[in-house]
Each structure stands twice: as C-alpha cells, then as structure tokens.
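Undergrad: Chains A and B supply the protein sequences, listed in that same order. All residue numbers for the first sequence refer to the numbering used here, where the first residue is 67 and numbers rise by one. All residue numbers for the second sequence refer to the numbering used here, where the first residue is 11 and numbers rise by one.
Hints listed in this document are in silico derivations from the structure and should not be mistaken for laboratory results. Quick caveat: nothing in here was measured; it's all calculated off a predicted structure. Every residue, glycine too, gets a C-beta built ideally from N, C-alpha and C. It is possible that some hints are incorrect.
What the hints assert, rightly or not - Okay, the calculated bits of chain A under chain B, using three or more residues with CB under 8 Å as the criterion:
#1 135 to 145
#2 168 to 182
#3 200 to 206
#4 330 to 337
#5 358 to 365
As the list claims (entries may be wrong) - Not close to chain B: a few residues of chain A, all C-beta gaps over 10 Å, as computed:
#6 T108
#7 F111
#8 V117
#9 D152
#10 A162
#11 A210
#12 F241
#13 V247
#14 I269
#15 L280
#16 R290
#17 L295
#18 R376
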Amino acid sequence: MQVPDMNMATVMDEEDLLAPVPRVRAPRPRLRLNQVRSLLGTLPFFAYVTVFLVIPTLVVAIGAFAGDGGFTWSNVAALGNSYVLDAFARSILLSAVTAAIGAVLGAVLAYALTTAKPGGPLRRVVTAASGVLAQFGGVTLAFAFIATIGLSGFVTVFLRDELGVDLYSGGVWLFELPGLVLVYTYFQIPLMVIVFLPALDGIRPQWREATESLGGSTWQYWTRVAGPLLAPAFLGSTLLLFANAFSAYATAAALISQGNPIVPLQIRGALTSEVVLGQQNLGKAMALGMVVVVAVVMTLYALLQKRTARWLG
Amino acid sequence: MAGLRGRRARRQAAFRWSVLAVMGVFFLLPLVAMLEFTTRGDSGTWSLLADWPRLSATYPDLAEGIVASLGQALLTSLLMLVLLVPTAIWVRLRLPGLRPLVEFICLLPLTIPAIVLVVGLAPVYAWVTYFLGGSSLTLTFAYTVLVLPYAYRSIDAGLSAIDAKTLAEAARGLGAGWFTVMVRVVLPNIRSAVLSAAFLTVALVLGEFTIASLLNRTNLQVAINLLGKSSATMSVAVSLAALILAFVLLLLLSLLGDRRKASQ
Numbered sequence: 067m068q069v070p071d072m073n074m075a076t077v078m079d080e081e082d083l084l085a086p087v088p089r090v091r092a093p094r095p096r097l098r099l100n101q102v103r104s105l106l107g108t109l110p111f112f113a114y115v116t117v118f119l120v121i122p123t124l125v126v127a128i129g130a131f132a133g134d135g136g137f138t139w140s141n142v143a144a145l146g147n148s149y150v151l152d153a154f155a156r157s158i159l160l161s162a163v164t165a166a167i168g169a170v171l172g173a174v175l176a177y178a179l180t181t182a183k184p185g186g187p188l189r190r191v192v193t194a195a196s197g198v199l200a201q202f203g204g205v206t207l208a209f210a211f212i213a214t215i216g217l218s219g220f221v222t223v224f225l226r227d228e229l230g231v232d233l234y235s236g237g238v239w240l241f242e243l244p245g246l247v248l249v250y251t252y253f254q255i256p257l258m259v260i261v262f263l264p265a266l267d268g269i270r271p272q273w274r275e276a277t278e279s280l281g282g283s284t285w286q287y288w289t290r291v292a293g294p295l296l297a298p299a300f301l302g303s304t305l306l307l308f309a310n311a312f313s314a315y316a317t318a319a320a321l322i323s324q325g326n327p328i329v330p331l332q333i334r335g336a337l338t339s340e341v342v343l344g345q346q347n348l349g350k351a352m353a354l355g356m357v358v359v360v361a362v363v364m365t366l367y368a369l370l371q372k373r374t375a376r377w378l379g
Numbered sequence: 011m012a013g014l015r016g017r018r019a020r021r022q023a024a025f026r027w028s029v030l031a032v033m034g035v036f037f038l039l040p041l042v043a044m045l046e047f048t049t050r051g052d053s054g055t056w057s058l059l060a061d062w063p064r065l066s067a068t069y070p071d072l073a074e075g076i077v078a079s080l081g082q083a084l085l086t087s088l089l090m091l092v093l094l095v096p097t098a099i100w101v102r103l104r105l106p107g108l109r110p111l112v113e114f115i116c117l118l119p120l121t122i123p124a125i126v127l128v129v130g131l132a133p134v135y136a137w138v139t140y141f142l143g144g145s146s147l148t149l150t151f152a153y154t155v156l157v158l159p160y161a162y163r164s165i166d167a168g169l170s171a172i173d174a175k176t177l178a179e180a181a182r183g184l185g186a187g188w189f190t191v192m193v194r195v196v197l198p199n200i201r202s203a204v205l206s207a208a209f210l211t212v213a214l215v216l217g218e219f220t221i222a223s224l225l226n227r228t229n230l231q232v233a234i235n236l237l238g239k240s241s242a243t244m245s246v247a248v249s250l251a252a253l254i255l256a257f258v259l260l261l262l263l264s265l266l267g268d269r270r271k272a273s274q
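Can you make the complete structure from the sequences, with help from the hints?
TA: As structure tokens, this is what we get:
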C-alpha cells in the first residue's frame, strides 16, 4: 500500500533525479487523505461481509464457549457425549470412504482422458460434464437415486422382475449410510476428474521415453517415476474430496429422515428442536468442530498443492 | 519401435473406451431412471409441469417455491454485481495493498460449510426478519455470501486478463471521472467475466437447500423436498427439469469460457 497510484510514483522518481527542489515532503498529507477517500469506496463491501460473513463466523466461534453466565467449557465438553462422538466418527468414515472411492475411480477416468487427443471433443465433453456433475448435489440428487434404486425405482424393479434379484433383501440400505456412500460417489468422481486432471497433464511424455531408453519397464515407470510425482497431487485431491463430503448436507437431509447419523444432521437436530434449552449452543460447538476438521484438512491440502507445483505446476 | 507404439496406442484406446463405458452407465443411469420414473403409466406428469396455471393450482407450494427461487436468483445476481464488481475494480486500481484481504474474505465461504454458516446466520436473520419481514427473498443476503468465492474468482480472472490500470489512466487523462471509468471503460472489457459470474450465481442459487430449509423459508429445492413426501413422481419430474436447467446453464458457461480462452 506504499504508493497508491502511478502519478505519485513518477513524481517521486523525478524528485530523486532533480533532488534540490523544496516540494519533497509536500504531497504526504494529500496522499493520506486520498487513501482514506479510496478506502471509503470499499466500505459497502466490507460492511456487507461483516454483517453476513464475519458476524456469523464469530457467533459460531464465540457461541461454542458461551453459557448463561459467560464463558463455559460445557458446550465443548458436551462434544464428548457418545452420540456426538459417534456422529463425528460416522461423518469422518463416510467422508473418508467416499473420498477414497471417488479418488481412485476419478483418477482412472482422468487418466483415460489423458490418453485421448488433448483438444479433442471427447475430452471437452467429459470435462464439461464433470464440471456440471461435481456441482450436482442436494435434493435433486437424492431424488435421482430414489428414482433409480428406490423401492419402486427403475433398477430395483428391473432386477426384481427380470432377474429375480432383490436389492433390499438385507434391509433398505439406500436411506442409511451405505446409501449415502453410493450417492456421494456420484459427485465425488467428477470432482476428482476436475482437480486431478491438471496434475496428470503436467506429466511429460519425455519422462516415459527417458525411462524406456534407460531400460525401464511400464511397471517401473509407474512405481518409480510417475507414481511418486503424482502422489502429492493425488493425496491433495483426496483431501479436497474429503472436505467436500464432510460439509455436504442437503443430499443427506433429503435421503435420511430417520435419526441423525452424521454431524450435519445432528446440527439440524440441534437447530430445529426446542426441547432442550442448552441445545442451541451444543449446535454451535458441533459447528465449530466441523470448521476445525475442514480447516485441518484444507491446510494439509494447501501444503500438498505447493509440493505438487514443484514438478507438475 | 513403431510397432510397440501402435500396440500401446491400441491398448490405451481399449482401456479408455471400457472406462468411459462403465462410467457412462453409472452417470447416465440415474438420469434415464428419472425419465422412466416420471413417464410410467399415463400420469401426465410432464404435461402438468408445462401448464403453469394448472400446476400452481394443483401444487401451490411448488409454484411458490419456483417463484421464490427465480426471485432469489435475480436479486442475488444483482446484489453480487453491485457489491463485487465496483469493489474488485476499485481495489485493483486504487488499493492494491488490500487485494489479499479482499481475496481472503471472498474465498472464506469455501472453508465454512453451509450448515455451519446457517448456525451463525440464525441470530443475524432474527434481525433481518425484524426489519424486513420473513419473506423468502431475504435469503438473497445469505446467498450473496455463498456465491462470493465463485463470483470473485470469475471477476478477478476477467480483470487480470485486461490492463485495467492503463485503461483507467487513459480514461482519467482524457478527463473521465471514476464513475465513467468503471461503467464505461472497465466494465465493458470484463463483460464475459461478469456474465459468467452471474450464470454461476443463478446455478448455485437454484440448487440451494441447506440455508433455505433451516431458516424456515422456501425455494425450489425446499418445495421439491416437501413434495417428495406426498407425490414422488412429481418431485422426481421437477428434479429432472431443474437439473436439465442447471446443466444447460453450466454448459453455456463452459462454452463461454472456451470462447474467452480462444479469443485471447
């Protein structure tokens, strides 16, 4: 913020050259006034984000430690309740499983794309479709799967009538955690394609040729050259997928109406139930817990991104 | 060597097409299933969906949700543009030192899950309701925060692609005021970036459920969810229609991006 505009900079440069003129210090006060006036231009933006972003964030952060008589640890301590811990464990398990499945399948799809012609129609169509499908979540996705493998869904009916296979002989798993795994995979794979494809594009064909001319096999190329180079990008993308699944709410809310197995649904329970008085601040503590998990994951992601950029940037 | 290359290319092509076939089935199946689900028997779901007066008479909640979502999309786009475009230009031209802070704030909603934001927004919305009433259109304020990261990145990329500083200095040198610089010099040059920010905003707002449902307001997604409890067929049909709309919007967006890249 030292020198706000170009005019000033040129004036000062000339002053260095033609030093002895006495107006050396004169522009200073005007400069400060100008800066204050410039800052006024950003006032609407900062006022807005203060009210609708900063204050809500502080409400969560402070509310997690607030009780009737000021500061308290009791909300955070309530996170130790077994049903809250179970919800966090299930949320983390769900996010980890869908991130792993999404990362592996997405990486395979992304690799398949890199073997196609770089600017070709196949690649463009699949990338554009991935961009759309990665955003496709929420209630509509839940209903898409109800129409597909719900109790009277297309696939369920087809399997039952034509092949005599009952998808739900072991209970209706679509509306429980296994169902969420399947449904989340639907937006995790396309997201992986989007975030992992740039790293795969960074792999140069010369590296493979170099490996071959030194007598290396395909196996050696993947385990000794491409694998280690892609590992940080792959891990980083997996973490991003984890955070994505961990924060998702709408799909689960539309699909699961019995009980609150994962953290976002527990928060819904805390927000909507007015039975227990202290419940509101437990919701804030759980929300803070979610932010902490996401923040840790995203920090690791940023570190791995930096590592990736070293070779595949 | 050439034989080896050819064999590898053939093997890769086989691998590519089998992967794409399996993935294609997985990703297209739910869409096909939705279509099949809504055309089963002769329920006339789609003709009802195309007939607005009859639809709003049969499913008043759904009609209300659709109207609310369209209003929210429009107002959020407007608020986002009014708030973000002048600020982004102003910061770039006059306060480059503030850019990291503005960028940090704009990207912040990415790391705060919507469900967490709702928890913090609930007390703020108690005041909003007190001053402006409980209309669903008040969700505009929360949605503008949600779209900040996407809109900011789009507008910032647009500004990076032009030499805004030189343009502004040229205009100022010819006697233009700051308002003229923004509206008549910089804005026309980042038109496609602004347009894509607006597209993204519309697509995001049409798909939003978390905040609307937990702040007890309505929109398209809340209405679909509610409808799912009484009429599964209709709710699947509306889902598919909303989905196709979002597809078209986002595909247009990616084509827009391609054209911008091509023109550079």
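Undergrad: Any Cβ of chain B at or closer than 10 Å to A210 of chain A, or is the non-interface label fine?
TA: violated, 4 Å
Undergrad: Please check whether the stretch 135 to 145 of chain A has three or more residues whose CB lies within less than 8 Å of a CB on chain B.
TA: violated (count 0)
Undergrad: With a cut-off of 8 Å between beta carbons, are at least three residues of the stretch 330 to 337 of chain A near chain B?
TA: Holds: 4 residues of the stretch 330 to 337 of chain A have a Cβ under 8 Å from chain B.
Undergrad: I269 of chain A clear of chain B by more than 10 Å, beta carbon to beta carbon?
TA: Non-interface label stands for I269 of chain A: nearest chain B Cβ at 14 Å, farther than 10 Å.
Undergrad: Any Cβ of chain B at or closer than 10 Å to R376 of chain A, or is the non-interface label fine?
TA: Non-interface label on R376 of chain A holds, nearest chain B Cβ at 23 Å vs cutoff 10 Å.
Undergrad: Regarding the assertion that F241 of chain A does not contact chain B, is the least Cβ-Cβ distance greater than 10 Å?
TA: holds, 12 Å
Undergrad: Confirm or reject: F111 of chain A is not an interface residue toward chain B, with every Cβ-Cβ distance exceeding 10 Å.
TA: violated, 4 Å
Undergrad: Count the residues of the stretch 168 to 182 of chain A whose Cβ falls closer than 8 Å to any Cβ of chain B, and tell me whether that reaches three.
TA: That given contact holds, which follows from 7 residues of the stretch 168 to 182 of chain A lying within Cβ reach (below 8 Å) of chain B.
Undergrad: Can we trust that L295 of chain A is non-interface, i.e. its beta-carbon lies farther than 10 Å from all of chain B?
TA: The claim holds: L295 of chain A sits with its nearest Cβ about 19 Å from chain B, beyond 10 Å.
Undergrad: Measuring Cβ to Cβ, find out whether A162 of chain A lies farther than 10 Å from everything in chain B.
TA: With a cut-off of 10 Å, A162 of chain A remains clear of chain B, as the shortest Cβ separation is near 17 Å.
Undergrad: Quick check: do three or more residues in the stretch 358 to 365 of chain A have a beta carbon closer than 8 Å to a beta carbon of chain B?
TA: Per the Cβ count (3), the hint holds.
Undergrad: Find the nearest Cβ of chain B to the Cβ of D152 of chain A and say whether that gap is larger than 10 Å.
TA: holds, 18 Å
Consistency note: the structure conflicts with the earlier hints numbered 1, 6, 7, 8, 11.
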